[in-house]
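Taken in sequence, the protein lines are chains E and Y. So the first sequence is numbered by my numbering: it starts at 28 and just counts up by one. So the second sequence is numbered by my numbering: it starts at 54 and just counts up by one.
Just so you know, these hints were derived from the structure itself, not from any lab. Hints may contain errors.
Below are the DSBU-like pairs computed for lysine-lysine, each with C-alpha atoms no more than 35 angstroms apart in a straight line [as the list claims (entries may be wrong)]: (1) Y:215 - E:58; (2) E:118 - Y:145; (3) E:118 - Y:191; (4) E:285 - E:118; (5) E:118 - Y:69; (6) E:58 - Y:145; (7) Y:69 - E:58; (8) Y:215 - E:118.
With beta-carbon atoms standing in for the labels, derived distance ranges [what the hints assert, rightly or not]: (9) E:293 - Y:180: 39 to 47 angstroms; (10) Y:73 - E:42: 56 to 64 angstroms; (11) E:189 - Y:255: 55 to 63 angstroms; (12) E:188 - Y:273: 37 to 45 angstroms; (13) E:119 - Y:175: 43 to 51 angstroms; (14) E:314 - Y:274: 37 to 45 angstroms; (15) Y:272 - E:233: 41 to 49 angstroms; (16) Y:255 - E:119: 25 to 33 angstroms; (17) Y:73 - E:106: 45 to 53 angstroms; (18) Y:265 - E:40: 40 to 48 angstroms; (19) Y:65 - E:362: 49 to 57 angstroms; (20) E:106 - Y:273: 54 to 62 angstroms; (21) E:189 - Y:193: 34 to 42 angstroms.
Derived coverage of chain E by chain Y (criterion: at least 3 residues anywhere in the stretch with Cβ under 8 angstroms from a Cβ of chain Y; other residues may be distant) [unchecked claim]: (22) 108-116; (23) 121-127.
Quick reminder that beta carbons are idealized off the backbone N, C-alpha and C, glycines included.
One-letter residues, chain by chain:
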Amino acid sequence: MNAYERVMHTLQGLPADRVPVFAVLGAYGGKLTGTHLRTLYRDAAAYVAGQEAVQEAFGFDLVLAPFDYSALAEAFGGEAAFFDDQPPNVKRPAANSAAEACALSLPDPERTGRLPFIVEATRRLAGLYTGRVPVFAAVPGPAAFPSLLMGLDAWMETLLFNEVHAQALLELTGSFFVRWSNALLAAGATGLIVTEGMAAAEVSPRGLFAERLRPHLQAMCSQLRGPWVFHHTGGRVNQVLDLLPGLPNLVGVAVSSKDDLAEARRLIGPELLLIGNLDNLSYPAATAQQIREWSRACLEVAAPAGRFVLANSGGDIPLTTPPENLRAMIEASVAYAGRNREGA
Amino acid sequence: MNISTWSNRLLDTMVKADRAGAADLVAQVLANGLPSNRVLAEVLDPALVRVGQLWEQEQASLAQTFVAAKIAEDVLLRCLPEAGEASSHPPKGRVVIGNIEDDFHSLGRRIVASFLQAAGWEVHDLGNDVVAELFVDKAIEINAAVVGASAMTHTTALNIRKLRTVIDARGLAGQIKLAVGGAVFNWRPDLVAEVGGDGTAHNAAAADALCARLQAETVRNAGSQATKEPTR
């Protein structure tokens, strides 16, 4: 069974040889190929080479297209900052206020800034891994998207205190969210990872998500031409998980390391994929044995119900993480499957 | 209505993101004859502390804390001029804050700035992506005892080590204390020591007590230094 078959079987609730395993290793690809991240996040060939190196070194069950939201902020007129040891970040958003943000022009996925790089890298990865490994592309959630244009504080202030501008911004960015997402699906992405930061308990109260943001998420995701996974973006999301089943095209939910996997499964029901939830920050300092043990703990809680993917919880895994810690995740999944077969 | 009830009602407006309701409430309190300085100390401050406790108990979100900070700014604007006239209290002290080099996540820092100002501190906010030397230069310039460096991610948090190095290299460890904060420190408390922080606050309301403690340490250091001087 190859990775693609393993993931598809798991997605459909069918038996698989083991639980699929995934880790966010976009920048880590640059580390493996010795490519500076400034090049990795501009050059499709360099990024794809990095992901090939990741696949060769570890053999995870998903491949990730460039996970770089600074390119989106840049495409709207903002500025990105590049680093030696982490993916690019937004240095300066395009707008200082909601009024300015509402006046921004929508970028063209095929032409503006570094967006064509992301589309092209997705296309190449899809061509390379079709039928062998699923390729997923990360996109910012429609409720969080305006923060890329104006910063989170300005977006928060608009959302909370300026309903007219908030609605206008959600409509503006929502239309781009749909266009961008569908461009990545058209480039061959198997599915999307929608990182909806506004859903986290640390960011928004449940009521705000339920009453104002979920309806927008529903409206936007109904226009996607492919499946998507809801992602926690680093915060606890158990508070909203019961609100997710039934969202159009939703096939899975990734929860944070502070969310309880058993509770998460109870809240999302049996039909959706559950993904998680090893603590990103622990990877560099942990031993491989610890990662194996933490992985096993996740597997024992979440794998018996099926439709589970073992994964890190968060964005890119720190580059200082030893390779053996990444291999330990897959080793844990193989060992868990072996124990189950022996038990049966 | 007693003062704690006013404070509880103000807290309620913060939790419900009712900024207009908060303004009305403060106007009522003032109209009832409570002086501005007591509104700040006995109505606003306890409400902010309670928001901090709710955050600590994972019962408040960033949005609610943000609203609390905005309401605090509104109340300060409304009350500070009169409170300043009514009170001879100088600021508690001066604090320099900023997001460390390469970090651009400003929301938490801005909330902390509002909470500190509401608690009576003079806050000098250097913004995002601040290099270590700038923190220290500013602290020396304004005679601040505390610099607060904020970071969102593990990678940028490690840049705070440069700030620790600059403070130590200039021989200022006893005079300038390093407060660190940001989401990553709540997830990884051991990171505070790893980056050389002298302390952290797990929420914006707790930043007041942290700065007071750190400032007191510098005063003690200065005292012990002065005691030693004659023996040199």
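### Message
Can you confirm whether the C-alpha distance between residue 215 of chain Y and residue 58 of chain E stays at or below 35 angstroms?
### Response
24 angstroms, holds
### Query
If you check the beta carbons of residue 293 of chain E and residue 180 of chain Y, does the distance land in 39 to 47 angstroms?
44 angstroms, holds
### Task
Just tell me: holds or violated, for the beta carbon distance of residue 73 of chain Y and residue 106 of chain E against 45 to 53 angstroms?
35 angstroms, violated
### Message
Within 55 to 63 angstroms: is that where the Cβ-Cβ distance between residue 189 of chain E and residue 255 of chain Y falls?
### Response
30 angstroms, violated
### Message
Run the distance test for residue 285 of chain E versus residue 118 of chain E: straight-line Cα separation, threshold 35 angstroms.
### Response
Distance of about 28 angstroms is within 35 angstroms: holds.
### Query
Between residue 189 of chain E and residue 193 of chain Y, does the C-beta distance stay in 34 to 42 angstroms?
40 angstroms, holds
#### Entry: Cβ separation of residue 73 of chain Y and residue 42 of chain E, checked against the hinted range 56 to 64 angstroms
58 angstroms, holds
### Query
Can the restraint linking residue 118 of chain E and residue 69 of chain Y be considered satisfied, given a maximum Cα separation of 35 angstroms?
32 angstroms, holds
### Query
Are there three or more residues in the segment 108-116 of chain E whose C-beta lies closer than 8 angstroms to some C-beta of chain Y?
holds (count 5)
### Query
So the hint says 37 to 45 angstroms: do the beta-carbon atoms of residue 188 of chain E and residue 273 of chain Y match that?
Holds - the Cβ-Cβ distance for residue 188 of chain E and residue 273 of chain Y, about 43 angstroms, lies within 37 to 45 angstroms.
### Message
Just to make sure I understand the rule, a stretch counts as covered if three or more of its residues have a C-beta closer than 8 angstroms to a C-beta of the chain. Does the segment 121-127 of chain E meet that for chain Y?
### Response
With 0 residues in contact (Cβ-Cβ under 8 angstroms with chain Y), the coverage given for the segment 121-127 of chain E is violated.
### Pairwise hint evaluation, residue 145 of chain Y against residue 58 of chain E, where the allowed Cα distance is 35 angstroms at most
Given that 35 angstroms is the threshold and the Cα spacing comes to 48 angstroms, the pair is violated.
Hints 6, 7, 11, 13, 17, 18, 20, 23 from the earlier list are contradicted by this structure; the remaining hints agree with it.
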